[in-house]
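Undergrad: Chains as they are written, first to last, in this note's numbering: chain A, 5 to 364; chain B, 90 to 639; chain C, 3 to 257.
Treat each hint with caution, since some may be false.
Below, simulated DSS-like cross-link-like pairs (lysine-lysine); rule was C-alpha separation at most 30 Å, straight line [unchecked claim]:
(1) C:K129 - A:K213
(2) C:K129 - B:K537
(3) A:K11 - C:K121
Part of the chain C face toward chain A, derived, beta carbon under 7 Å [as the list claims (entries may be wrong)]:
(4) N75
(5) E78
(6) L99
Beta-carbon label-pair distances, calculated as ranges [unchecked claim]:
(7) A:S105 - B:Q314: 13 to 23 Å
(8) A:Y136 - B:A335: 25 to 35 Å
(9) C:P120 - A:P335: 27 to 37 Å
(10) A:V266 - B:T480: 13 to 23 Å
(11) A:T272 - B:L492: 36 to 46 Å
(12) C:D217 - B:K511: 21 to 31 Å
(13) B:Y430 - A:A117: 53 to 63 Å
(14) A:A37 - C:P120: 11 to 21 Å
I should point out that these hints are in silico values taken from the structure, not numbers from a laboratory. Predicted model, so just to flag it, every value in this text is computed and none were measured. Each residue gets a CB set at the ideal place from its N, CA and C atoms; glycine is no exception.
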Amino acid sequence: MFQASEKAGILLALCGLLLIGATSLGFSTSQYAMNLIGQIAAFALLALSLDLLWGFCGILSLGHGLFFAIGGYLVAMHLVKVTFDATGTPPDFMLFMGWDSLPFYYFQLDSIAYLIVAIAAVTTVVSFVFGYVSFRSRVTGVYFAIITQALVYMVMLYMFRNDSGFGGNNGMTGFKEIFGMPASGSTTAAFLCGGSLATLGLCLYGCKKLVDSPIGQFMLAVREDESRLRFLGVNTVHIKLIAWCISAILAAMAGFLYVPQVGIVNPTILSPELSIEIAAWVALGGRGSLLGPILGAVVISGLKFILTGLAPDLWPFILATLIICVVIWSPNGLADTSSHVASFYRRLGSLTSIKGRSQP
Amino acid sequence: MTFLRTYLLSVLLAIAGSVSADGQDRQDTSAIVGGLCSSKPTQMNQALNALGSFTVESSDPLVIENNARWALWIISALTKKQLVCSPTGSGFVKGEDELREAVTRELTKVDENVKLKAPFLHLPVRPTAEIIAATTEMILASVTNDAVSDKSLESLDKKPEQVNSRQFSYLLKQSNLPERQVKQLELVEAYQLLRSEDLTDYSTALAVLRENASRKSLTALIEIQSSLSPEASGSKVEMTSNAINAIETELQIGQFLSVLYSGLSYSSILFLAAIGLAIVFGLMGVINLAQGEFIMIGAYITFVIQELLASFAYGLMPFYLLISIPFVFVLTGGIGAAIEYSVIRHLYTRPLMTLLATWGVSIFLVNAVRVLFGTQNLEFYVPDYLVGGVTLFGDFLVTWNRLATIGFAVLVLLLTWILVNKTRFGVNVRAVTENRNMAGAIGIDTRKVDVLSFALGSGLAGLAGLALSTIYNVNPTMGTNFIVDAFMVVVLGGVGSIWGTLLAALLVGIVNVAIEPVYGAVAAKVIVMTLIIVVIQFRPEGLFSLKVRK
Amino acid sequence: MTTKQALYVSGLNVSFGNFAVLKNLSWTVDFGEVRGVIGPNGAGKTTLLDSLTGKTRYQSGDIYVKDTVSIKNLTEIEIAKLGIGRKFQKPSVFSGLSGFQNLEIALRAGHSRSIYQPKLTSRQREKIHETSELIGLSSELSRNAGTLAHGQKQWLEIGMLIIAEPSVILLDEPVAGMNSEERGKTAELISNIRGPNIAVVVVEHDMEFVGQVCDTVTVLHDGRVMIEGPMGVVQADPQVIDVYLGKEAASASSH
Numbered sequence: 005m006f007q008a009s010e011k012a013g014i015l016l017a018l019c020g021l022l023l024i025g026a027t028s029l030g031f032s033t034s035q036y037a038m039n040l041i042g043q044i045a046a047f048a049l050l051a052l053s054l055d056l057l058w059g060f061c062g063i064l065s066l067g068h069g070l071f072f073a074i075g076g077y078l079v080a081m082h083l084v085k086v087t088f089d090a091t092g093t094p095p096d097f098m099l100f101m102g103w104d105s106l107p108f109y110y111f112q113l114d115s116i117a118y119l120i121v122a123i124a125a126v127t128t129v130v131s132f133v134f135g136y137v138s139f140r141s142r143v144t145g146v147y148f149a150i151i152t153q154a155l156v157y158m159v160m161l162y163m164f165r166n167d168s169g170f171g172g173n174n175g176m177t178g179f180k181e182i183f184g185m186p187a188s189g190s191t192t193a194a195f196l197c198g199g200s201l202a203t204l205g206l207c208l209y210g211c212k213k214l215v216d217s218p219i220g221q222f223m224l225a226v227r228e229d230e231s232r233l234r235f236l237g238v239n240t241v242h243i244k245l246i247a248w249c250i251s252a253i254l255a256a257m258a259g260f261l262y263v264p265q266v267g268i269v270n271p272t273i274l275s276p277e278l279s280i281e282i283a284a285w286v287a288l289g290g291r292g293s294l295l296g297p298i299l300g301a302v303v304i305s306g307l308k309f310i311l312t313g314l315a316p317d318l319w320p321f322i323l324a325t326l327i328i329c330v331v332i333w334s335p336n337g338l339a340d341t342s343s344h345v346a347s348f349y350r351r352l353g354s355l356t357s358i359k360g361r362s363q364p
Numbered sequence: 090m091t092f093l094r095t096y097l098l099s100v101l102l103a104i105a106g107s108v109s110a111d112g113q114d115r116q117d118t119s120a121i122v123g124g125l126c127s128s129k130p131t132q133m134n135q136a137l138n139a140l141g142s143f144t145v146e147s148s149d150p151l152v153i154e155n156n157a158r159w160a161l162w163i164i165s166a167l168t169k170k171q172l173v174c175s176p177t178g179s180g181f182v183k184g185e186d187e188l189r190e191a192v193t194r195e196l197t198k199v200d201e202n203v204k205l206k207a208p209f210l211h212l213p214v215r216p217t218a219e220i221i222a223a224t225t226e227m228i229l230a231s232v233t234n235d236a237v238s239d240k241s242l243e244s245l246d247k248k249p250e251q252v253n254s255r256q257f258s259y260l261l262k263q264s265n266l267p268e269r270q271v272k273q274l275e276l277v278e279a280y281q282l283l284r285s286e287d288l289t290d291y292s293t294a295l296a297v298l299r300e301n302a303s304r305k306s307l308t309a310l311i312e313i314q315s316s317l318s319p320e321a322s323g324s325k326v327e328m329t330s331n332a333i334n335a336i337e338t339e340l341q342i343g344q345f346l347s348v349l350y351s352g353l354s355y356s357s358i359l360f361l362a363a364i365g366l367a368i369v370f371g372l373m374g375v376i377n378l379a380q381g382e383f384i385m386i387g388a389y390i391t392f393v394i395q396e397l398l399a400s401f402a403y404g405l406m407p408f409y410l411l412i413s414i415p416f417v418f419v420l421t422g423g424i425g426a427a428i429e430y431s432v433i434r435h436l437y438t439r440p441l442m443t444l445l446a447t448w449g450v451s452i453f454l455v456n457a458v459r460v461l462f463g464t465q466n467l468e469f470y471v472p473d474y475l476v477g478g479v480t481l482f483g484d485f486l487v488t489w490n491r492l493a494t495i496g497f498a499v500l501v502l503l504l505t506w507i508l509v510n511k512t513r514f515g516v517n518v519r520a521v522t523e524n525r526n527m528a529g530a531i532g533i534d535t536r537k538v539d540v541l542s543f544a545l546g547s548g549l550a551g552l553a554g555l556a557l558s559t560i561y562n563v564n565p566t567m568g569t570n571f572i573v574d575a576f577m578v579v580v581l582g583g584v585g586s587i588w589g590t591l592l593a594a595l596l597v598g599i600v601n602v603a604i605e606p607v608y609g610a611v612a613a614k615v616i617v618m619t620l621i622i623v624v625i626q627f628r629p630e631g632l633f634s635l636k637v638r639k
Numbered sequence: 003m004t005t006k007q008a009l010y011v012s013g014l015n016v017s018f019g020n021f022a023v024l025k026n027l028s029w030t031v032d033f034g035e036v037r038g039v040i041g042p043n044g045a046g047k048t049t050l051l052d053s054l055t056g057k058t059r060y061q062s063g064d065i066y067v068k069d070t071v072s073i074k075n076l077t078e079i080e081i082a083k084l085g086i087g088r089k090f091q092k093p094s095v096f097s098g099l100s101g102f103q104n105l106e107i108a109l110r111a112g113h114s115r116s117i118y119q120p121k122l123t124s125r126q127r128e129k130i131h132e133t134s135e136l137i138g139l140s141s142e143l144s145r146n147a148g149t150l151a152h153g154q155k156q157w158l159e160i161g162m163l164i165i166a167e168p169s170v171i172l173l174d175e176p177v178a179g180m181n182s183e184e185r186g187k188t189a190e191l192i193s194n195i196r197g198p199n200i201a202v203v204v205v206e207h208d209m210e211f212v213g214q215v216c217d218t219v220t221v222l223h224d225g226r227v228m229i230e231g232p233m234g235v236v237q238a239d240p241q242v243i244d245v246y247l248g249k250e251a252a253s254a255s256s257h
């Protein structure tokens, strides 16, 4: 399984690079398919980010949409800034507010390097501050989950305001060009899709390396028994902060990849529903395995794409039933269903071995 | 009885009156009718005022009564467009299939060639007509010794400066009014006295207005203040600004109280929603993300019962909220128990998975209700006894529906407290909360306690839905509006503590309502969130957590 | 070195709400000794261990480690770093990890710098293997700790304490739920651990086991030290007999 995730990471990265290479040589692809695959790849990265935190460190965040949105909103601001520099008119939502130039926080965002630094910095600062106060006061488990949900809800309410300079209700859209490419077209879609796949692959590979490292072992130890670790003299706050901040950055990267592909960002990506849905991908795919959640995100968001078109009224019922059934009957998710039988025998075996020892 | 007597009297007197109107008043009355027929706003207003003065010209109660009835008849005809005028300026009142002469009230016929036209009722004329009718009604009531209706008094209150002064001074002399109405009359008088040049009158008026502080009296005084000429006597200026300050202070207190009041009613809903969460969390370590949907279902059950009563037992409609209470509690509690039994009991050792499973349940419930009822807001019938309210301080209005919500929450609080502290079931709940294994070992059926507590929590959330149905919007996704605040209440209040939940609900509710109108919903949430983060720095398990060895 | 006191508890008071668990308790443990702590249920044994490891805050009195260091304001992490290791009543190992990983984490945890050290040194690997031999689990190291037998988990947890080279080891009911063969092994393990620079405290209900491994026994009763001395002396004390045989029922029901 672990070896598999390393291979899969390299494979995904190669696929992405190949796609980029082929496209730059003039190979043409379906824009719709590229867009779909690219978006799902961004969702998969989002699932991976939560899996690293929940599956490997035992911390469930129901507010990961916040970091996704930090990446998404900042890249949208970059695109707005680029469009403004080209056309000289601010987007409609600002004209509506009576602003004739962009607010100060759009400063320098036209530079991609600056954008990436900004995403990293904002994500790190937000996640560090929130993580530090929560972990230090030992907010864990269900408490942490609902506090993160309240956090994302709060930010969503802020983003709904029109005077925030982030597009309010309708969000930001109408980008003229994306990273120097025309905003729509199959070439752009293929490049973005290739980029997303490659990033997903590299992140998967990196996560594999991380969970195998000593830090990864300590993350697992936090998940298994945090208090035992404390009584061994380890300040678990540090371990948790590392996992939390890395996970936040991965989620922000997912947002950075996602928004250019859908061409719009609005407060719905901050809704508590999306954040819980991420947790559902992870749970359905299987926590604690790196490939499972990616699979979960692919299957669920793929099904969603298909079924919301075919039977929009039916989809929520299918999703609800799927979640409830998997959570009850397959605690380690769909990826694990095949190994159920094997694990049953293993458990049976260990039971008999315990009996053997206690009755000499 | 009174109505019947008045009716008979009016029939008798109508005949007698028509005779008396024949005499010296004949000229006045035709002038009045002529004015009304003029279709010019100023003349019509003058005619209406003359009509008002005419009712109190005589000191003979019988004449007054008769004239008042005639005046009411004319005004009513005017507003109903039954008063029609010939081009020569004589007026007639159109009945179903008859025509009466406006001044004499005698049946008459008009040549078909004469074109009869109803005078146009200009916008400035309508309030005058309404006010003259109101004062005339009051005068009529005073001579027939009937009670003056509050409705007439309210019309006076709307435009006090337009009240006919002669009618008004007559009314003030009457002694058979209840004190409350006298007070209201005094207030109307005060508005009139405000324009008086006499300093004593002016200060009396100010004193009365200060006693009845309202947004309206403040506006009136500010208007007066700005119109005061610089040469006006210093004491008048000073008195006015003093009165304005006093009224402003009182209004601010009133505003503070009304924020507190609507905060209290929001807190009541939050408390009802959160108490179940807190009990279940204390007991099983599980947070039910579908709690908001139980609120929603509670409101929908109330709606269904309202509709059923409307179709099958219309007489019981005013009591549909009361009738719904047991149904809502039992049905939402039953749904809760079913969910506990089918889903949650498998997940007690995995509380984080319970979050996901209950989220699945919540998606299911929201969409089921959406398919069954649609997405639009439901319309609830508000029974008469919940409409309106009473003004207590400044313009602080205690509305009955919010008061009922608060009272209901207090009642539920008491019952829950008794249930948890004074019953066998409560002892079991507390035992299992503190030590599940030990409780199981001493023979408590922990499964039964779990199911019943979950059902109780769901039932209480359903009652929250019932309580908010006449105040907030009810639609399939309404649960999300309450659930995050309910979480905050649980985190802040601590686990399994009724008092902690109560205090936290009050805090969260009042902060939300107080901050939201001024700084917006975000600021309110930020403050609550900051509060929570500060609290958990010192008390990680909430304000009122139990201290036990774990 | 051996004259130093490993633990010095002075006038300790701990209460939960209005209920006093430890009442003005004073107590010392020297380096080099294996101390047994016995007493009926509710005497305050586990609360004493909780106070020693920072799990429970005490209201008054103080605890000194290695003669001089007061732990009054320290967190459980800082106390663990002072070299106090504790095995919990319920075996607490990282069940999702292998035996080797459990020991590796404990080893790295003992030296805060090595948490982030990418690879183990050969000396560290050797140490893990030495420890696993000491606890009799060298052939089980690759197994998932959650699948180990109850007794093996207890040993693994003791191994996790030893590998960090602590000054004080607190063992809460180390032989609970073990058969006599496993008890024998545990007794052997404890006698292997003992040394001049370490103090071992064993909290146990099993009198025979305590008599076998401990030099001195402290009897706690109702939050106070009732008597201290070699097992033979303690067992013959009329007060102790009274508490264990006569009053146990009464004292248990009063709490």
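Undergrad: Now tell me, hint by hint, if it's right for this structure.
TA: Status of each hint after checking the structure:
The hinted pair formed by K129 of chain C and K213 of chain A meets the criterion: a straight-line CA distance of about 25 Å does not exceed 30 Å. A distance of roughly 52 Å separates the Cα atoms of K129 of chain C and K537 of chain B; the hinted pair therefore is violated under the 30 Å criterion. Only pairs whose Cα atoms come within 30 Å are accepted, and K11 of chain A paired with K121 of chain C is accepted, the gap being roughly 23 Å. Because the closest C-beta pair between N75 of chain C and chain A is about 16 Å apart, greater than 7 Å, the hint is violated.
The beta carbon of E78 of chain C comes within 5 Å of a beta carbon in chain A, closer than 7 Å, and the hint placing it at the interface holds. The interface hint given for L99 of chain C holds, since its Cβ lies 6 Å from the closest Cβ of chain A, which is under the 7 Å cut-off. Distance hint check: the CB atoms of S105 of chain A and Q314 of chain B are about 44 Å apart, inconsistent with the given range 13 to 23 Å. Separated by about 51 Å at the C-beta atoms, Y136 of chain A and A335 of chain B break the suggested range of 25 to 35 Å.
One distance hint, 27 to 37 Å for the beta-carbon pair P120 of chain C and P335 of chain A, holds here, with the actual separation near 33 Å. Between V266 of chain A and T480 of chain B the beta carbons are some 53 Å apart, a value that contradicts the proposed interval 13 to 23 Å. Separated by about 38 Å at the C-beta atoms, T272 of chain A and L492 of chain B satisfy the suggested range of 36 to 46 Å. At about 54 Å, the beta-carbon gap between D217 of chain C and K511 of chain B misses the expected band of 21 to 31 Å.
Range check, Y430 of chain B to A117 of chain A: about 57 Å between beta-carbon atoms, so the 53 to 63 Å window is met. One distance hint, 11 to 21 Å for the beta-carbon pair A37 of chain A and P120 of chain C, is violated here, with the actual separation near 42 Å.
In summary, the numbered hints that this structure violates are 2, 4, 7, 8, 10, 12, 14.
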